[in-house]
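Please model the complete structure; the sequences and the hints are all you need to start from.
Protein chains: 4
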Amino acid sequence: MPSQNTTRQHFASDNYAGVCPEAMHWFLEANASGHQPGYGDDEWTQRVCEQLRQLFQTDCDVYFVFNGTAANSLALASLCQSYHSVICTPVAHIETDECGGPEFFSNGSKLLIAENESTSAKLGKLTPDAVEQLVTRRADIHYPKPKVVSLTQATELGTVYSVEEVRAIAAIAKRRKLKLHMDGARFANAVAALGCEPADITWRAGVDVLCFGGTKNGLPVGEAVVFFDKALSEDFAYRVKQSGQLASKMRFISAPWIGMLQDDVWLRNARHANAMAQRLYGAIKDLAGVRVPHAPQVNSVFAFLPQPAIPALRAQGWKFYDFIAGGGCRLMCAWDTTPEAVDAFAGDIRRACAAA
Amino acid sequence: MPSQNTTRQHFASDNYAGVCPEAMHWFLEANASGHQPGYGDDEWTQRVCEQLRQLFQTDCDVYFVFNGTAANSLALASLCQSYHSVICTPVAHIETDECGGPEFFSNGSKLLIAENESTSAKLGKLTPDAVEQLVTRRADIHYPKPKVVSLTQATELGTVYSVEEVRAIAAIAKRRKLKLHMDGARFANAVAALGCEPADITWRAGVDVLCFGGTKNGLPVGEAVVFFDKALSEDFAYRVKQSGQLASKMRFISAPWIGMLQDDVWLRNARHANAMAQRLYGAIKDLAGVRVPHAPQVNSVFAFLPQPAIPALRAQGWKFYDFIAGGGCRLMCAWDTTPEAVDAFAGDIRRACAAA
Amino acid sequence: MPSQNTTRQHFASDNYAGVCPEAMHWFLEANASGHQPGYGDDEWTQRVCEQLRQLFQTDCDVYFVFNGTAANSLALASLCQSYHSVICTPVAHIETDECGGPEFFSNGSKLLIAENESTSAKLGKLTPDAVEQLVTRRADIHYPKPKVVSLTQATELGTVYSVEEVRAIAAIAKRRKLKLHMDGARFANAVAALGCEPADITWRAGVDVLCFGGTKNGLPVGEAVVFFDKALSEDFAYRVKQSGQLASKMRFISAPWIGMLQDDVWLRNARHANAMAQRLYGAIKDLAGVRVPHAPQVNSVFAFLPQPAIPALRAQGWKFYDFIAGGGCRLMCAWDTTPEAVDAFAGDIRRACAAA
Amino acid sequence: MPSQNTTRQHFASDNYAGVCPEAMHWFLEANASGHQPGYGDDEWTQRVCEQLRQLFQTDCDVYFVFNGTAANSLALASLCQSYHSVICTPVAHIETDECGGPEFFSNGSKLLIAENESTSAKLGKLTPDAVEQLVTRRADIHYPKPKVVSLTQATELGTVYSVEEVRAIAAIAKRRKLKLHMDGARFANAVAALGCEPADITWRAGVDVLCFGGTKNGLPVGEAVVFFDKALSEDFAYRVKQSGQLASKMRFISAPWIGMLQDDVWLRNARHANAMAQRLYGAIKDLAGVRVPHAPQVNSVFAFLPQPAIPALRAQGWKFYDFIAGGGCRLMCAWDTTPEAVDAFAGDIRRACAAA
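Just so you know, the protein sequences line up as chains A, B, C and D, in that order. Each residue of the first sequence is one higher than the one before, counting from 1 in my numbering. Each residue of the second sequence is one higher than the one before, counting from 357 in my numbering. Each residue of the third sequence is one higher than the one before, counting from 713 in my numbering. Each residue of the fourth sequence is one higher than the one before, counting from 1069 in my numbering.
For the record, the hints were derived by calculation from the structure and aren't laboratory data.
In silico DSSO-like pairs for lysine-lysine, Cα to Cα no more than 30 Å straight-line:
1. A:Lys230 x D:Lys1242
2. A:Lys174 x A:Lys122
3. B:Lys586 x C:Lys889
4. B:Lys533 x C:Lys942
5. A:Lys230 x D:Lys1215
6. B:Lys586 x C:Lys886
7. C:Lys942 x B:Lys586
8. D:Lys1215 x D:Lys1298
9. C:Lys942 x B:Lys530
10. B:Lys503 x C:Lys942
11. A:Lys177 x D:Lys1215
12. B:Lys533 x C:Lys889
13. D:Lys1245 x A:Lys177
14. D:Lys1298 x A:Lys230
15. A:Lys177 x D:Lys1298
16. A:Lys230 x D:Lys1245
17. C:Lys889 x B:Lys503
18. D:Lys1298 x A:Lys174
Reference excerpt, derived from the structure (chain D facing chain B, CB under 8 Å, subset only):
19. Tyr1151
20. Asp1165
21. Cys1167
22. Glu1171
23. Phe1172
24. Ile1209
25. His1210
26. Tyr1211
27. Pro1212
Here are some chain C residues the structure puts well away from chain A; computed CB gaps all over 12 Å:
28. Glu741
29. Ala744
30. Gln758
31. Glu762
32. Leu764
33. Arg765
34. Asn828
35. Lys834
36. Pro840
37. Ala842
38. Glu877
39. Glu909
40. Lys997
All of these numbers come straight from a predicted model, not from anything done at the bench. We put the beta carbon where it would ideally sit given N, CA and C, even for glycine.
Here it is in structure tokens:
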């Protein structure tokens, strides 16, 4: 009998999960304090900024915005003018899922699509060669001048850049006078996978600006934009304000981060999600009819299922996304995904595949 | 001895207040439900939209965005192209406090400043004559074509448009083919003051789009954009997404509205804030050296205090804004302002004025 | 001995040519008339608009702008909002050579790249299938909604859409509620090649807006934006003004068009340029080491020359563009290209290839 | 009998005049040279840039664009980001007659209106005090940060800033870290009036960027943007290209400037226009019913005529603009305005006033 419950967990997106207890604690704590100044002039916002500076072991500039579209688009807009361009992969979220957000916030900066590596281990990753090729292809004013390289860490295809890989791209970026932006919607999952210091994979490796995702990691709403090169954040507060990203009751955006950062809850959440993906992978990778091209590096399993199994699973109430036509499914775990949910889902996959 | 406590309430802005219990209840409720679809495909978002349609007694289109800058700017951008213009007063929030947000979101629409009424009862309000004058002043392509009238209800100076006043402006707007936008950051306070149906002061009076403020009324974050003319909201969801205003975990933006709308909590909150302003007004209006040009209509008292009293009060820890040079102070009450806080503040004002 | 002269003609671009005598006549004529109203309120502008309406046999709306970047970008911006998208080929000028102009004028509309036909006859052309595939690929708000199909007639690779091909694309566009834009930088050359009425390949085939190129056809500066669907040109004059495309002394932009349109000079110029490309093609197509994949349809020859021949020709002073790495050269003829220049160039190519 | 002829001159705008012979000579010369590289890689463009550097006695960066809207808007956009603001007078052309162009090109930079001097000699001019007042009024992120001061030289009301006045404004600009932009649509007339070196009133006085008007001075089309601070023009060529302001056949925009700059034709044209305004002023200032508040400083007379005289003059075919309701007329002379036309116009004014 297929599993059925009212609080069914899903594998569609890590944004299906709610707020983790530690974040909620500080949301409530912030509310218990009565009247507080708005727009970030409150104690929690200052405190979280300090925590982030400690986490990254450097005097970085931190801004909080409402979501990832805004975080990435504002960060990129601060790195380039409208007639400049941003180099990214064809699967970059800024290219495929922001409805033209980066072009809107920058008033026209074009995204230049670099060929991505297609060997399984490097799926969805930029390479120094691809960057170099794009930068040197044109040098006339009829083509927008490349100014930024944008990496997604972890990538949209569940892969992770090693410290060396980020450094290599940063080296070519520096040589070509490009700034380096990191879309870190799942930065926590990448750091958990790498087991490195956050600083190692960011500013020490040459990253200028990081969009540090909070929502998928357990917050209700909100991302942090972290400028490691403070020269780049000049007047960024005005940019945030003008573009509708400044919360008047900022404490409700910032305070929950305290809970995430204390005792490395953000890492614990990420490690758990990553582990659940491993569990799911282990349970389905050898099933007949199932093909999982590469072992999960973070919190997602990209699996090819037999075509009839997919509607069958959905008919049972399971939610998950296709990532490619022809049976490619993205199965995503969250900070709160339970082993029981993984096992139930894997069991249903097994039965659906057997029946297919 | 001046009042002193750790959870001091202030009179600076209604956004100093936290989240009201009813909103918090539904925030927690939404979180208790485990995995839920993102981007508004959840039960609470659908439910709140329905509640708002019932509240306004019409089949309106509702969108949730993060703050007032975005709500107003996106609504205006949907009503005009970059070469069009928006008529408002010189004290309109969109003119004075959005850091160019409306111009940014619309890619250049100019705000045309209409002369506002200066008699005390009409402070900060547009009049049909002022609109007519602006619309007919120029008709050449060297000047951006007026396309929208924007009212703030209640105004930034604490006045309220009567139903008749909105209707009169809507009539001239219609005659001149202008759309009518209402900035309702304090819409609740205005409705509470008028004692009318929300529909009466909006679509029945000729308003095309309302930005219904939730944050100042007791939410942690979020405003609703309500299109009464559904032809105007075509593809508005795309606009919201592109501009970084679509919450992935939308339930945390929408669910708290359920608590606000049930049992008219939004009105109760607003009535309370308005009553606290009346209480403060009653306590200070006759003090020697104090001048309050008009009785409060909503939740603010605009008072002229003796110059030395102002730094004295601030030295005691009270926070409030100047609204005009030379002693003009804006004293703002919130949904949670207590009578005790009002009395303590009024007492300190009395003593500071006596000493001045 | 290689040909050498001081007024050497080149094959780099049709914009290397100057002003044709008929256009110059009217430029001078307009100047001889003393004081004239600005911004298009002059007799020539009105007259040219009427001529264009007669040429296209329909009551179209005509606007003059300074160049092709502006013509295409403004036309596209009038057809879509920032969160919409435009379908074009990877070789479309709006994609490859406008430095992000369309994205700038529209404040973010994304260009969606359709796979183009690669069989030689259809090089650089969109097909109905490619449009259909792009339109149906995504239907969620995270992806900008397709709103326009943009064709280039003649294409950047020197091919021409037949009337039937335009109709087929217009049919799918209509079915999918897309508008149809035609970049006609070399519209004249296409019409000359097709031998059809201008109306047949534009509005009668389903085109909504045409950017009719004047500069490459013999004008000093200026393009016409022709709206066949007048509902789409509402307030376009304001758009032109705001974006810096309204000439104060408009007569100098418009009057030269009179000379182009009288006695079909525009077509004669285009036929001549096309004939020169045929002459060049005939002279080089069978040379050893030369490969010309397809016979010219308009005024360009796309030829692969032996690698050493290319710098040799340039060393002799000839100017022409590479269109693809590895020896692909674009050889472009203009309204004033002489048979003697073609023969001299072909002779030098012959000698350079023989020496290669 | 009123004067009547077919080539009637007017006093509406200096853009009613055509092309001066010296500019036309070089337009024709440029055309006689056959094939020439586009986009400014031609000999005339290089030559004019050099001429301008000599004229200004400094190594400035020069760009040619099509009109004044673009020149000013692009220059301003290069000096500020969307969340910055530009200080100007309420009568500045960028505020009153560009249909939101500056806001469009900058994606939202707000124009802050400084109170202008109202004593007749300073009509339409900014003062250091007004700039200081605006800069210090607000310093919070809810208001766009002032970044540029924009002067019009000569002003829209026909007044001229002295070298000292520009210096005084530049001093406050420098102190407040503002850049200084000069809208020089009638720069020639101002220099002619001042009798100073162009360098004295621009970079030596602290101007960072000058928009040097060519059209009103005798060109068919085109303005020069002159960056005295070359750090500010980084990548400006890309900005020009993206925004549709790069002429493909650039020689027709640049070559006519050679004629203007040789033998100081630009100054001679301006001096003549200024002298014609003096002649007109002399002929009408003492007429009964006529009031001319201040003697012309450049090529315009701002005169109050008896109300009935105005339609009477227009009925006779004269064209001129109102500059203020209630009889205020702007009477503008051009480089080609003849003494006979001035006398004929003055005579008709005299008769119309006598009859009024």
